[in-house]
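**Q** In terms of numbering that gives the first Met the number 0, the sequence shown opens at residue 0 and continues consecutively.
No false leads were slipped in.
20 Å max Cα-Cα, derived PhoX-like pairs, lysine-lysine:
| # | residue 1 | residue 2 |
| --- | --- | --- |
| 1 | Lys84 | Lys95 |
| 2 | Lys84 | Lys159 |
| 3 | Lys86 | Lys143 |
| 4 | Lys143 | Lys159 |
| 5 | Lys86 | Lys153 |
| 6 | Lys84 | Lys146 |
| 7 | Lys122 | Lys95 |
| 8 | Lys86 | Lys146 |
| 9 | Lys143 | Lys153 |
| 10 | Lys159 | Lys169 |
| 11 | Lys84 | Lys143 |
| 12 | Lys169 | Lys143 |
| 13 | Lys159 | Lys146 |
| 14 | Lys84 | Lys153 |
| 15 | Lys169 | Lys146 |
| 16 | Lys95 | Lys153 |
| 17 | Lys86 | Lys159 |
| 18 | Lys95 | Lys146 |
Hints are computed from structural coordinates only; laboratory data are not their basis.
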Amino acid sequence: MDHGKAEGVVLGDQASMDAWKGEFNQRPRAERDQVLGPTAYPPEAMGKRPPFLPVTLPTDDELEQALTRAPFLYQLIGLVDYIGKGKALTQTGNLKLADGMELVEVLRTGDRVDEWIGDRQFKTRSSADLGGLDLVFQVAIDAKLLKRPRTGDKVVPGPKAHLARQPTLKLADAAFRSLIFDVCPSRHLNRIDPYGFGWFAESLDEQLPDMLLYLCGEQNDEVSEVSSGGQEVSGGWVEMDVLGGWLVNRLAAEVAEAPVIGGLRYLDAADLPGAAADLPDAEARAEIDHWLYAGGESAVRRLADAMIDAGLASSGR
Numbered sequence: 000m001d002h003g004k005a006e007g008v009v010l011g012d013q014a015s016m017d018a019w020k021g022e023f024n025q026r027p028r029a030e031r032d033q034v035l036g037p038t039a040y041p042p043e044a045m046g047k048r049p050p051f052l053p054v055t056l057p058t059d060d061e062l063e064q065a066l067t068r069a070p071f072l073y074q075l076i077g078l079v080d081y082i083g084k085g086k087a088l089t090q091t092g093n094l095k096l097a098d099g100m101e102l103v104e105v106l107r108t109g110d111r112v113d114e115w116i117g118d119r120q121f122k123t124r125s126s127a128d129l130g131g132l133d134l135v136f137q138v139a140i141d142a143k144l145l146k147r148p149r150t151g152d153k154v155v156p157g158p159k160a161h162l163a164r165q166p167t168l169k170l171a172d173a174a175f176r177s178l179i180f181d182v183c184p185s186r187h188l189n190r191i192d193p194y195g196f197g198w199f200a201e202s203l204d205e206q207l208p209d210m211l212l213y214l215c216g217e218q219n220d221e222v223s224e225v226s227s228g229g230q231e232v233s234g235g236w237v238e239m240d241v242l243g244g245w246l247v248n249r250l251a252a253e254v255a256e257a258p259v260i261g262g263l264r265y266l267d268a269a270d271l272p273g274a275a276a277d278l279p280d281a282e283a284r285a286e287i288d289h290w291l292y293a294g295g296e297s298a299v300r301r302l303a304d305a306m307i308d309a310g311l312a313s314s315g316r
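Construct the complete structure from the given sequences, taking the supplied hints into account.
**A** Spelled out as structure tokens, the structure:
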């Protein structure tokens with residue numbers, strides 16, 4: 000608060016500090032960075048795409064298994080099923096509180112209704128206060144799984160409600176793009192922000208696609224701490240899971256060259272070296288690794304024999 004004090008903020012006067020924080024959060028990002036320091040992913044880096052390494056897409060079976068482990072997809076499916084032919088909304092366009100409280104249990108969003116903190120209870124007055132549920136609701140609306148008619152007094156199935164019948168790649172892709180480009184998780188998390196602590200949310204959401212593309216390009220990245228679900232891991236690596244990698248690779252292919260490995264897996268051992276030689280080094284190595292993996296225990300011997308035969312043929316023996 001030293002900078003605020005220099006601008007006339009009276010420390011200890013909550014109204015004075017709140018007024019200054021509100022005004023500060025409206026300043027241009029560059030001016031805020033001069034006070035707080037640059038963000039981890041500076042704005043000038045936006046739009047620069049990482050060099051994408053060749054990736055091997057998961058098999059259909061691996062993707063099917065990944066879809067069954069995606070709780071957010073099941074929450075979208077459950078919400079659309081709960082809405083049925085339609086449900087009434089509040090005057091502000093939110094789910095009725097009674098519906099919201101029921102959906103917290105049905106969808107297992109983890110929201111706390113009428114939460115106790117110490118000896119004080121905070122009554123839930125709107126379904127919009129239930130952040131996990133509201134995130135599912137907003138994504139369902141944005142992805143057109145649900146829609147609000149012009150009257151705004153109810154929610155009904157949307158033009159893409161058919162996607163929410165079972166967890167599929169189409170549903171995952173629609174939800175993923177809606178979440179990172181339109182609903183924006185950081186801004187949603189800080190949508191109720193009376194103290195201005197969410198000043199970073201807009202910047203973070205703007206950089207989220209590039210952060211994901213960075214992980215896609217690097218395959219994995221060393222981390223000092225990762226926390227999720229109340230469990231913390233120190234050290235190690237972070238990388239895309241199967242479904243996340245598939246989704247981000249689709250995004251990467253739209254903005255840069257993103258080679259996919261597996262095109263040579265059906266070649267005979269004798270044809271593999273020649274085909275791989277026409278590829279960039281990193282892609283060639285990845286194709287050969289994939290061929291060996293897909294070929295089972297005998298693949299190494301077959302490739303070695305083929306290369307020996309090719310060497311003998313070239314020497315005229």
